[in-house]
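Chains as they are written, first to last, in the numbering used here: chain A, 2 to 394; chain B, 2 to 394; chain C, 2 to 394; chain D, 2 to 394.
Think of the hints as simulated: they come from the structure by calculation, not from any bench.
The beta carbon of each residue, even a glycine, is placed where N, CA and C say it ideally should be.
Be aware that one or more of the hints could be misleading.
From the structure, some residues in chain A lie toward chain B, with a derived Cβ separation under 7 Å [stated by the list, open to error]:
{"hint": "1", "residue": "Asp-160"}
{"hint": "2", "residue": "Met-235"}
{"hint": "3", "residue": "Gln-369"}
Distance ranges between label pairs, derived from CB positions [to be verified]:
{"hint": "4", "chain 1": "D", "residue 1": "Asp-271", "chain 2": "A", "residue 2": "Asp-262", "range": "30 to 38 Å"}
{"hint": "5", "chain 1": "C", "residue 1": "Glu-381", "chain 2": "B", "residue 2": "Gly-282", "range": "53 to 61 Å"}
{"hint": "6", "chain 1": "C", "residue 1": "Glu-381", "chain 2": "D", "residue 2": "Thr-113", "range": "56 to 64 Å"}
{"hint": "7", "chain 1": "C", "residue 1": "Pro-154", "chain 2": "D", "residue 2": "Asp-271", "range": "51 to 59 Å"}
{"hint": "8", "chain 1": "C", "residue 1": "Leu-47", "chain 2": "B", "residue 2": "Pro-263", "range": "42 to 50 Å"}
{"hint": "9", "chain 1": "C", "residue 1": "Ala-279", "chain 2": "D", "residue 2": "Asp-271", "range": "37 to 45 Å"}
Number of protein chains: 4
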Amino acid sequence: MGENSRPGRTGLWLLGARGSVATTAIVGLAALRSGLVRPTGCVTELPAFGSAPLPGWDEIVVGGHDISGTDLHKTADALVSAGVLPVGVVSAVAAQLTAVESELRHGYDPATGGGDQAGEVARLAGDMGAFARRHDLERVVVVNVASTESPWPRGADLDDVAALDAALAAGEVPASVVAACAAVRAGCPYVEFTPSTGIAIPALLRMAEQRGLPYAGSDGKTGETLLRTVLAPMFTERALVVRSWAGTNLLGGGDGATLADPRAVASKLDSKSRGLHALLGGEVAAPLHIDNVPDLGQTKVAWDHVHAEGFLGAPVTLQLTWSAYDSALAAPLVLDLTRLVAMAHHAGQRGPLTALACFFKDPFGSAQHRFDHQVRGLHEWVRVTTEAAGGGA
Amino acid sequence: MGENSRPGRTGLWLLGARGSVATTAIVGLAALRSGLVRPTGCVTELPAFGSAPLPGWDEIVVGGHDISGTDLHKTADALVSAGVLPVGVVSAVAAQLTAVESELRHGYDPATGGGDQAGEVARLAGDMGAFARRHDLERVVVVNVASTESPWPRGADLDDVAALDAALAAGEVPASVVAACAAVRAGCPYVEFTPSTGIAIPALLRMAEQRGLPYAGSDGKTGETLLRTVLAPMFTERALVVRSWAGTNLLGGGDGATLADPRAVASKLDSKSRGLHALLGGEVAAPLHIDNVPDLGQTKVAWDHVHAEGFLGAPVTLQLTWSAYDSALAAPLVLDLTRLVAMAHHAGQRGPLTALACFFKDPFGSAQHRFDHQVRGLHEWVRVTTEAAGGGA
Amino acid sequence: MGENSRPGRTGLWLLGARGSVATTAIVGLAALRSGLVRPTGCVTELPAFGSAPLPGWDEIVVGGHDISGTDLHKTADALVSAGVLPVGVVSAVAAQLTAVESELRHGYDPATGGGDQAGEVARLAGDMGAFARRHDLERVVVVNVASTESPWPRGADLDDVAALDAALAAGEVPASVVAACAAVRAGCPYVEFTPSTGIAIPALLRMAEQRGLPYAGSDGKTGETLLRTVLAPMFTERALVVRSWAGTNLLGGGDGATLADPRAVASKLDSKSRGLHALLGGEVAAPLHIDNVPDLGQTKVAWDHVHAEGFLGAPVTLQLTWSAYDSALAAPLVLDLTRLVAMAHHAGQRGPLTALACFFKDPFGSAQHRFDHQVRGLHEWVRVTTEAAGGGA
Amino acid sequence: MGENSRPGRTGLWLLGARGSVATTAIVGLAALRSGLVRPTGCVTELPAFGSAPLPGWDEIVVGGHDISGTDLHKTADALVSAGVLPVGVVSAVAAQLTAVESELRHGYDPATGGGDQAGEVARLAGDMGAFARRHDLERVVVVNVASTESPWPRGADLDDVAALDAALAAGEVPASVVAACAAVRAGCPYVEFTPSTGIAIPALLRMAEQRGLPYAGSDGKTGETLLRTVLAPMFTERALVVRSWAGTNLLGGGDGATLADPRAVASKLDSKSRGLHALLGGEVAAPLHIDNVPDLGQTKVAWDHVHAEGFLGAPVTLQLTWSAYDSALAAPLVLDLTRLVAMAHHAGQRGPLTALACFFKDPFGSAQHRFDHQVRGLHEWVRVTTEAAGGGA
């Protein structure tokens with residue numbers, strides 16, 4: 002890399018490309034590229050990232066897989082009705098949506114294509130590679146924003162490629178892992194934005210590292226967990242002992258329906274709880290619920306009740322209610338991650354990008370859950386990477 | 002100072018020594034000294050302070066001024082009834098309360114002693130000095146926890162000692178300033194724990210510095226403001242634009258009654274708002290109320306409603322309700338500040354202790370309101386001061 | 002009146018016809034008439050009103066006064082952007098909006114027409130009468146939904162018509178009273194939906210009664226006050242003693258801006274507090290705030306904190322947060338009141354319609370604030386009036 | 002019964018007599034009898050009950066069963082530490098506690114006495130009868146405040162005494178039913194204050210009626226459900242369509258631990274949900290959780306989130322947080338029910354006392370869940386019963 006070397010044209014390949022998060026990211030990227038909106042919610046547009054060698058909004062090309070066939074324009078219209086997307090913006094970027102629509106391919110569907118998982122890996126990897134060639138891309142960052150799967154405990158035992166191949170041959174592998182295999186096979190950096198298994202099996206992680214691929218995850222930290230990793234350190238820094246931290250999440254939309262499945266919700270609850278216990282210790286009572294409340298549509302409401310003990314045993318209680326469109330919180334982070342992973346890849350970084358911990362509930366390769374420490378780590382990494390690329394102040 | 006030099010016996014002289022915060026601090030210190038309770042809520046007992054040269058709980062001797070004559074035991078009993086203090090602890094430390102009771106002196110009362118403010122300064126300074134000699138103290142840290150006064154704009158113009166003396170001669174000086182003059186005159190480090198003027202007039206600050214005295218303030222950051230300075234950076238680090246941050250505080254007790262006076266509340270509201278605007282910029286709508294609700298007794302309830310704008314203009318709302326005994330939050334910080342200021346004084350530090358910003362709503366000498374940055378600053382200062390004293394890891 | 006006599010074609014003349022509440026009512030009425038929407042929020046569509054002789058949606062014709070000249074379509078579009086009105090509905094009723102637009106006349110504007118209030122009364126009454134003749138209406142119900150005015154204490158002393166005429170001649174009369182004079186002069190039943198003075202001066206009330214006109218008011222009970230008059234009786238029926246009931250209201254929109262004026266807010270706060278003290282007695286601490294928070298747009302957020310004392314002094318606390326588009330809560334009540342007042346007028350009822358107390362924060366002619374008792378009173382009145390008209394089961 | 006006939010000396014036999022609710026009721030009754038406290042929280046002390054022929058506080062004698070052996074004084078002290086009972090009151094009534102202590106007998110314990118349920122019924126009935134004779138009581142009202150049991154579906158099939166006897170012989174009957182059998186056998190009116198089965202099996206209900214016994218239940222309506230049955234009618238009377246009503250309950254104490262058992266919680270959740278669906282229809286999404294949070298001690302915190310649809314589909318949201326000591330809410334209702342059931346028994350009423358519906362989550366013999374209608378029903382019944390007894394205004 003020369004001075005001020007920049008990552009260049011970068012693909013963003015979305016797994017679950019027709020879902021709410023993906024559609025919001027696609028519409029938002031188009032709007033940013035067209036200068037229609039301010040980059041509110043985009044971390045990489047903050048001053049601290051001003052001289053970082055990131056791909057510009059107009060250097061990112063989007064494609065992806067999905068098992069749904071619903072047209073992007075239709076999903077975008079539904080998100081307008083739900084209040085997530087502004088009507089004017091969606092109509093202004095209609096042509097860009099059409100362009101992305103033409104880059105979407107049928108994903109791996111366990112219900113129909115389950116029989117030949119090895120073949121499906123090859124097919125998906127082929128789609129990613131063709132996309133890169135078609136658009137002359139330096140790299141394609143694959144980001145999983147598909148529906149949450151249930152935990153796959155067996156994955157932790159798949160230590161070598163042969164074992165993984167055997168599992169594929171047996172048709173036992175979850176969809177997120179099939180897609181992550183394809184990404185690694187196709188030489189793509191990977192971001193796990195859901196709590197699904199995805200790339201997180203030993204054989205795949207090793208393969209990614211060997212091929213010089215950086216990866217990051219898992220489970221985007223957008224709402225309640227973000228709050229928790231900001232607030233829990235406040236209690237500990239004031240020497241207040243948190244005794245219980247109870248939470249209830251109400252959500253509708255597709256996410257609510259997926260998480261109404263007790264197996265899928267198990268992944269999510271695990272992921273959400275880990276940070277809290279890491280920050281406060283295991284003795285905190287922390288009941289947590291996720292309820293499917295369809296009438297809330299795209300809105301996600303989280304209520305937390307914290308009970309702490311202070312000086313001479315005096316009680317302190319804190320209640321929080323967070324209400325937001327989860328897709329609108331997640332989408333800009335997907336774009337930020339695409340840029341940052343592209344920068345890392347361009348800089349020759351490989352393996353888990355621990356500096357991206359602030360974006361995730363359950364960060365790969367990091368035990369750091371404190372948001373303030375995570376943010377400092379991110380800034381430091383950006384500074385160092387920028388300097389190495391010949392940039393910076 | 003030699004290796005591992007320690008600050009030694011330290012006085013804590015409380016202005017408003019018979020109030021709820023002071024009584025809670027006095028009872029708590031006695032309980033800590035006797036090993037009756039764990040140091041929950043005491044920042045200086047966290048691991049980061051483990052090797053710092055702080056006075057031990059048994060090296061701190063308490064005295065103070067108050068214009069009320071209510072016996073400490075009586076106030077302590079009232080705090081037991083209110084739920085702030087545990088009944089067993091108060092009876093176990095009764096003898097220590099009696100000892101402190103004997104160290105309390107009548108404070109400066111504008112209603113009766115207004116005529117001769119210069120004489121009152123001398124009298125108060127005399128009380129402080131006699132206390133130091135009586136107990137053979139290395140220093141006496143004066144901490145103001147008396148009732149909040151209204152703002153005193155004239156104070157900002159008192160640039161030299163002559164002007165201050167003239168104001169004293171004219172009997173125009175607020176009680177907190179009279180007491181702060183006495184503290185400086187008596188060679189005592191000073192902590193302004195309320196939003197009153199206290200030491201914060203140019204002539205006094207300069208005098209303190211000249212006499213080698215460190216000082217810190219103002220207005221202890223215990224509840225709602227603490228939350229705000231923790232949460233506001235979360236929004237900015239996620240590039241979410243806060244549009245409004247509305248707050249309502251309900252409080253009873255003496256504090257509620259004092260703040261029912263619109264002039265006194267003005268000090269408090271100024272102090273509370275400053276941090277928010279510093280963190281988010283001045284364009285945030287931030288209506289704020291403090292209501293006297295006597296039936297809440299010692300409980301303070303704060304409700305905050307935050308409205309932010311996210312990606313593509315999507316709204317985010319956060320509501321917080323904080324409920325706690327304010328005295329129980331403030332008291333351990335008073336003890337922490339006594340220890341830390343003693344350490345600073347022993348180390349020869351003078352002037353505003355900006356490293357203590359995390360303890361205050363409106364920190365002297367610092368524009369830093371972010372709690373995470375403040376905490377880092379504190380830890381760094383403790384590390385450096387500890388090393389300079391020959392301690393540390 | 003014969004058997005099953007019905008009130009027939011009825012005018013709804015809106016004071017403040019271009020505001021958010023009026024526009025929402027106009028769009029909603031059009032949508033109901035066209036069968037585009039279900040009558041959610043319309044009390045008069047509940048089963049209890051099934052056989053009442055009310056004018057049908059297609060028998061109500063709308064006109065009104067406003068001092069703004071902003072086109073209804075434009076206001077409707079703004080309400081679509083704000084999320085209050087569904088985009089499809091507004092476009093489907095565009096022609097009906099145009100029709101109403103042609104029935105709007107310039108209102109009385111103190112800033113410009115202040116000089117000749119008697120002449121203005123005559124002009125406004127003329128507009129109302131012409132409207133009735135133009136559409137061959139049985140009656141015109143005038144409903145004030147214009148901006149809240151400050152209290153007008155002098156109004157209470159205007160006991161006879163001569164005194165009122167003198168005040169008009171002197172140009173001293175608030176706009177709402179000028180318009181109410183016009184309504185009475187024109188023989189129109191009147192509904193005061195705001196806390197402004199309107200018809201509530203002795204001379205006008207007597208004149209209305211003499212002319213056989215029913216009237217109702219004041220200040221529509223839509224949100225926080227509705228909750229309070231539902232919940233306060235729960236405490237009293239359980240013998241729990243409410244000690245404090247604190248409230249904060251955050252609102253944007255035009256209403257927020259109007260109520261940022263401390264004189265206007267005084268009317269509103271009076272009106273809101275009256276019911277609570279009537280239900281719980283005067284010893285309840287009840288601080289109440291209304292804050293203008295422009296970024297909330299049409300959303301109104303109310304937070305209430307209730308502290309009660311139970312058995313053996315045990316505390317009970319209840320917190321409420323209510324969030325809604327106030328215009329969407331008010332608009333259907335405006336339509337309900339139009340129908341119910343038309344029914345009363347048709348039945349020959351005159352003077353204050355105390356049976357409509359459940360619709361108001363500060364009901365004319367009634368000291369009953371309990372919502373359950375008010376609802377029972379409404380149902381009983383509807384039953385009796387329906388039977389008298391020859392209808393009912 | 003003659004004129005102004007009064008029910009006379011009445012026993013209150015508590016099942017679970019050493020628990021928090023029972024102890025609070027016992028202490029409170031003693032304090033009321035001694036005139037130490039005002040009857041806050043006691044419905045029967047409201048003006049509407051002023052002339053009703055109820056037993057006086059000094060006419061109620063308390064005894065009971067429990068399987069725990071913890072002394073009442075000890076439980077009372079624990080409730081003082083927890084903040085539920087005032088320290089002064091407990092010490093002032095110590096002698097009365099000792100008197101009640103001497104009236105407590107060992108209850109039926111499935112863990113140890115499971116073998117001979119018929120014998121246990123006889124033993125428990127014997128205790129109740131002996132208590133009545135010992136104190137020369139007109140009747141003994143048995144009130145179940147023991148721990149919640151899991152549902153017992155088989156109970157609904159026990160139509161005749163033979164079947165019930167067979168189940169007892171087989172040792173299959175839950176503890177609450179064993180105790181209710183004893184109560185009926187001993188000729189005692191019965192109140193089911195928990196969601197356990199208790200008297201609610203066909204054979205027992207018929208037997209109670211035949212023996213001239215009134216009964217009431219089930220599951221005291223103290224907190225969240227009370228709020229729901231007050232607020233749900235507000236929405237329906239305003240024609241607002243509730244789409245979801247989500248709830249989370251956090252509780253510690255013994256109740257929390259009992260309800261951590263998923264089988265016990267099933268009873269409670271059933272009981273809590275029934276009213277909501279009755280009031281709003283079955284289409285409301287109503288996820289509900291009860292979490293054991295031991296550090297909350299006696300405090301019960303309930304959070305409800307209501308989402309409704311208003312005019313033209315506009316959303317309305319309401320959040321509620323209720324925080325109280327559940328025992329302090331339940332105890333006065335236990336005393337009220339004792340008095341009211343005594344009055345009913347004295348008046349010769351038998352079978353389900355539907356007029357007492359306002360006290361229960363799941364009222365026996367009534368489908369009326371609206372609190373306002375229930376209260377009206379109670380008042381009407383008291384009026385009629387009072388008049389029949391020769392009293393009243």
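Here's how the hints hold up against the structure:
1. Asp-160: The hint is violated - Asp-160/A has no Cβ within 7 Å of chain B, the shortest such distance being about 37 Å.
2. Met-235: With a closest approach of 5 Å, the Met-235/A hint holds.
3. Gln-369: violated, 13 Å
4. Asp-271/D - Asp-262/A: 30 to 38 Å: Hint violated: Cβ distance 24 Å, outside 30 to 38 Å.
5. Glu-381/C - Gly-282/B: 53 to 61 Å: Holds: the Cβ-Cβ distance is about 57 Å, inside 53 to 61 Å.
6. Glu-381/C - Thr-113/D: 56 to 64 Å: With Cβ atoms ~59 Å apart, the hint holds.
7. Pro-154/C - Asp-271/D: 51 to 59 Å: Distance hint for Pro-154/C, Asp-271/D holds at roughly 57 Å.
8. Leu-47/C - Pro-263/B: 42 to 50 Å: holds, 47 Å
9. Ala-279/C - Asp-271/D: 37 to 45 Å: Given range 37 to 45 Å: holds, Cβ gap about 39 Å.
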